[in-house]
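Model the full structure from these sequences, guided by the hints.
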Amino acid sequence: MSDEQLIHEILSGDNSAFKALMEKYQLQVFRTVVGFVHSKEDAEDVTQDIFVKVYQSFTSFKGESEFSTWLYRITVNMSINFINRNRKNRLLQSLEDIFHKPSGEKTPMEHLEDSERDHRIRKAIDSLPEKQRMAFILSKYEELPQKTIASVMNTSEGAVEQLLQRAKNNLQKKLTT
6 MSDEQLIHEI LSGDNSAFKA LMEKYQLQVF RTVVGFVHSK EDAEDVTQDI FVKVYQSFTS
66 FKGESEFSTW LYRITVNMSI NFINRNRKNR LLQSLEDIFH KPSGEKTPME HLEDSERDHR
126 IRKAIDSLPE KQRMAFILSK YEELPQKTIA SVMNTSEGAV EQLLQRAKNN LQKKLTT
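The number in this note's numbering is simply the position in the sequence shown, starting from 1, with 5 added.
For the record, the hints were derived by calculation from the structure and aren't laboratory data.
Hints are not guaranteed to be accurate.
What the hints assert, rightly or not - Taking lysine-lysine and the DSS-like style, the derived pairs with C-alpha atoms no more than 30 Å apart in a straight line are:
#1 Lys-152 <-> Lys-136
#2 Lys-178 <-> Lys-136
#3 Lys-173 <-> Lys-136
#4 Lys-67 <-> Lys-145
#5 Lys-136 <-> Lys-58
#6 Lys-67 <-> Lys-128
#7 Lys-111 <-> Lys-152
#8 Lys-45 <-> Lys-152
#9 Lys-111 <-> Lys-136
#10 Lys-58 <-> Lys-145
#11 Lys-111 <-> Lys-128
#12 Lys-29 <-> Lys-45
To be verified - Label pairs and their calculated CB-CB ranges:
#13 Asp-50 <-> Ala-25: 35 to 45 Å
#14 Leu-117 <-> Lys-67: 25 to 35 Å
#15 Asp-119 <-> Asp-19: 44 to 54 Å
#16 Lys-179 <-> Leu-32: 21 to 31 Å
#17 Thr-182 <-> Asp-19: 52 to 62 Å
#18 Ser-17 <-> Lys-179: 30 to 40 Å
#19 Asn-82 <-> Arg-171: 13 to 23 Å
#20 Leu-117 <-> Arg-171: 23 to 33 Å
#21 Leu-180 <-> Lys-67: 37 to 47 Å
#22 Gln-167 <-> Lys-67: 25 to 35 Å
#23 Arg-90 <-> Lys-173: 24 to 34 Å
#24 Gly-68 <-> Glu-121: 45 to 55 Å
All C-beta atoms, glycine included, are put in the ideal place defined by N, C-alpha and C.
Set out below in structure tokens:
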């Protein structure tokens with residue numbers, strides 16, 4: 006069933022259609038949120054909140070863009086809002102992750118090095134200007150085409166290309182220093 010058909014069914018009161026729509030997009034939304042919040046547990050919570058908001062906001066969806074574009078806009082906005090509300094908690098969680106990861110076959114030093122590298126990458130991505138970060142996450146985590154990213158961000162494809170190039174250059178600088 007197409008998104009349009011599912012939305013029509015949802016607006017007609019069919020809750021099973023919402024479940025089908027949610028199942029169709031849940032993994033994509035989750036991956037996008039993880040790109041912003043870097044925590045599986047937080048991403049699960051934010052993803053759930055996103056679908057609650059989508060359900061409550063269906064009457065505001067005008068169909069002027071694709072449903073997926075509208076959903077990504079909500080996803081990005083709610084992810085950024087979550088980050089802004091939880092900055093201190095994220096720092097404490099990162100420190101806890103470094104020292105309390107379960108050990109597999111790697112030595113404690115290898116775990117620490119991996120954690121430090123992952124933390125540096127997350128920190129570098131988080132430090133990008135908001136539009137660069139948004140374009141980067143949608144491109145690299147979700148593998149969305151530039152045309153879709155442009156639609157989600159309400160900008161041109163050329164602007165998205167420039168944002169991605171600047172993000173790449175900024176990340177290279179931050180990760181090589």
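Earlier hints that do not hold, by number:
Those not satisfied are hints 6, 7, 9, 13, 14, 18.
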